[in-house]
Amino acid sequence: MNNPIRTNLLSVSYGQHQALNDVSIEIPARKITAIIGPSGCGKSTLLKVFNRLLELNDDIIISGEVFVDGQDIYDKGVDVYSLRKKMGLLPQKPFPLPMSIFENVAYGLKIHNHLGKGKLEGLVEHYLKEASLWDEVKDRLHAHAAKLSIGQQQRLCLARGLAIEPEIILGDEPTSALDPFSAERIERKLIELKKRYTIVVVTHNIQQAIRLADYVVFLYYGKVVEADTADKVFKSPQSLMTQAYIKGEFLDEVWFDKEARLINKVAQGEGI
Amino acid sequence: MSKINKRIIEEKAFKIVMHTVCAAVVLIFLIMLATIVIKGLPGLNLKMLTHQPLRGSYAEGGGGILNAILGSVYLALGATFLAGLIGIPVALFINVYLKKNSRFATLIRFSFDVLWGIPSIVYGAFGFIIMIFFHMRSSLLAGIITIAFLELPIMTRAADSILKMVPLELKEISLSLGATRFETAFRIIFKQAFPGILTAILIGLGRGIGDAAAVMFTAGYTDSLPTSLFRPVATLPLAIFYQLGTPFPEVQQRGYTSALVLMLVILFISIFSRILTKRFQQNVLR
Numbered sequence: 008m009n010n011p012i013r014t015n016l017l018s019v020s021y022g023q024h025q026a027l028n029d030v031s032i033e034i035p036a037r038k039i040t041a042i043i044g045p046s047g048c049g050k051s052t053l054l055k056v057f058n059r060l061l062e063l064n065d066d067i068i069i070s071g072e073v074f075v076d077g078q079d080i081y082d083k084g085v086d087v088y089s090l091r092k093k094m095g096l097l098p099q100k101p102f103p104l105p106m107s108i109f110e111n112v113a114y115g116l117k118i119h120n121h122l123g124k125g126k127l128e129g130l131v132e133h134y135l136k137e138a139s140l141w142d143e144v145k146d147r148l149h150a151h152a153a154k155l156s157i158g159q160q161q162r163l164c165l166a167r168g169l170a171i172e173p174e175i176i177l178g179d180e181p182t183s184a185l186d187p188f189s190a191e192r193i194e195r196k197l198i199e200l201k202k203r204y205t206i207v208v209v210t211h212n213i214q215q216a217i218r219l220a221d222y223v224v225f226l227y228y229g230k231v232v233e234a235d236t237a238d239k240v241f242k243s244p245q246s247l248m249t250q251a252y253i254k255g256e257f258l259d260e261v262w263f264d265k266e267a268r269l270i271n272k273v274a275q276g277e278g279i
Numbered sequence: 002m003s004k005i006n007k008r009i010i011e012e013k014a015f016k017i018v019m020h021t022v023c024a025a026v027v028l029i030f031l032i033m034l035a036t037i038v039i040k041g042l043p044g045l046n047l048k049m050l051t052h053q054p055l056r057g058s059y060a061e062g063g064g065g066i067l068n069a070i071l072g073s074v075y076l077a078l079g080a081t082f083l084a085g086l087i088g089i090p091v092a093l094f095i096n097v098y099l100k101k102n103s104r105f106a107t108l109i110r111f112s113f114d115v116l117w118g119i120p121s122i123v124y125g126a127f128g129f130i131i132m133i134f135f136h137m138r139s140s141l142l143a144g145i146i147t148i149a150f151l152e153l154p155i156m157t158r159a160a161d162s163i164l165k166m167v168p169l170e171l172k173e174i175s176l177s178l179g180a181t182r183f184e185t186a187f188r189i190i191f192k193q194a195f196p197g198i199l200t201a202i203l204i205g206l207g208r209g210i211g212d213a214a215a216v217m218f219t220a221g222y223t224d225s226l227p228t229s230l231f232r233p234v235a236t237l238p239l240a241i242f243y244q245l246g247t248p249f250p251e252v253q254q255r256g257y258t259s260a261l262v263l264m265l266v267i268l269f270i271s272i273f274s275r276i277l278t279k280r281f282q283q284n285v286l287r
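Those protein sequences? They're chains A and X, same order as listed.
Number 252 in our numbering belongs to position 245 of the first sequence; there are no gaps in the numbering.
Number 154 in our numbering belongs to position 153 of the second sequence; there are no gaps in the numbering.
Do not rely on the hints blindly, as some may be mistaken.
[Said to hold, decoys possible] Each computed DSS-like pair below joins lysine-lysine, with the alpha-carbon atoms no more than 27 Å apart:
1. A:K154 x X:K165
2. X:K100 x A:K83
3. A:K100 x A:K136
4. A:K239 x A:K201
5. A:K38 x A:K100
6. X:K192 x X:K100
7. A:K117 x A:K154
8. A:K83 x X:K101
9. A:K202 x A:K242
10. X:K279 x A:K154
11. X:K101 x A:K100
12. A:K124 x X:K192
13. A:K117 x A:K136
14. A:K126 x X:K192
15. A:K83 x A:K93
16. A:K117 x X:K192
17. X:K100 x A:K100
18. X:K165 x A:K100
19. A:K100 x X:K192
By construction, these hints were calculated from the structure, which means they are not laboratory data.
Full structure from sequences and hints, please.
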């Protein structure tokens, strides 16, 4: 199978704090992959490794390999701008750029292409339709983007991301700031889009992962506990930790209570 | 006394102290303003604003201070433009290109803080040395360069602290769309921070237009109107200085009038630039 993103023994630390530890996963093409796990376990870090936004942080040490379309993106001489162009980012909180609705979508288009005005307008319309926002904003394209409701803003962010014609969509808890209705619209949209895009969504909402995911990566304190198809992970999780997390038990408690059994299991070669 | 009472007294006492201190600050400002208006306003007339000094000297007390008004405006606008041309990109560079706790950024900020603390007469002396080096005579250009140096630290640091407040997410989003840091800096961050950057520029202008010591050697003095970058210009701060320095009450009053004019010029430039740029502010994310 052709996997657009693959990591090999990827470790990331912020100064002393190790955020990711020997992560080796593959993200399948044209599927929704959900990265789940409790807050602060490295989910967003993993996402930011993919489009190399992590380097904006201080004291970052990255080791291991990350391949996007077969190319190691941490190789010297990688064109980071075309790498990022391959990935549309849907942020945690919708963050419109400080310009009009039209300009928000046109920003990426203008950066990467030289387009005439007519062509630009056509493309902006196309991507706003793609994000199911066109009908709500077509009469006020030149109003400031911050005037939209928060759910609309997130769809605008989607349109803006799609406009750079990415192959991959990265969602960093894309619905966590939204009301249930807006969240549902985004979820539906993602399911629709997976026909054409590879989608990676970070979420701490298990129900959402169950609804969306074809493939699940469960991260716990920087380690991959389980990574498999959604069916397997949700219906017959291999690890006790995954079982507990899916059932909504407190992980620390589970960890301590069942530590003995867990170690037994590992000793018997069942693995975590 | 119970603990609650003590805490309430503490709260009230602090409130009184703070009210007093704030009132004192406002009062000092009002007294200064009142002094200048009361002493300067009677001397304010059209001739003052539209004529050059009589017989080429402030001491005579006749004519006006148009030479100084125009000189100060040209000098300050030129210097502010020059300082902005250097300072704003530097501030953008520190905030967009460098990481949060970059040592280079710390070094730049520290340098500007030190430069900020240097008295303006030293800038004047420094400008004078450069002039001698290049065999320049005191001129509008030399004044502009010196004042630009004077404005640079305060303008850059003010812009820097504004840019620091721009949310990191905005930078991340622009970069995630495949934009370069240059595009991010000038098309997104600059736009978002524009009102604040404008304030930074005006702060710089305020420091530059009111400074007497730095222009004394570099811009020189003349009673004629400024016509060339390479000839000396008169400035309002020096007009105030010379006129207040005379023993004649009538001329001293013209000094206060000059101070009033200087304040009005700053006020006018501030309001004008705010109106001019108001339309940009609609696009700022709140």
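Item to check | Hints that the structure is at odds with (numbers, increasing) | outcome: none
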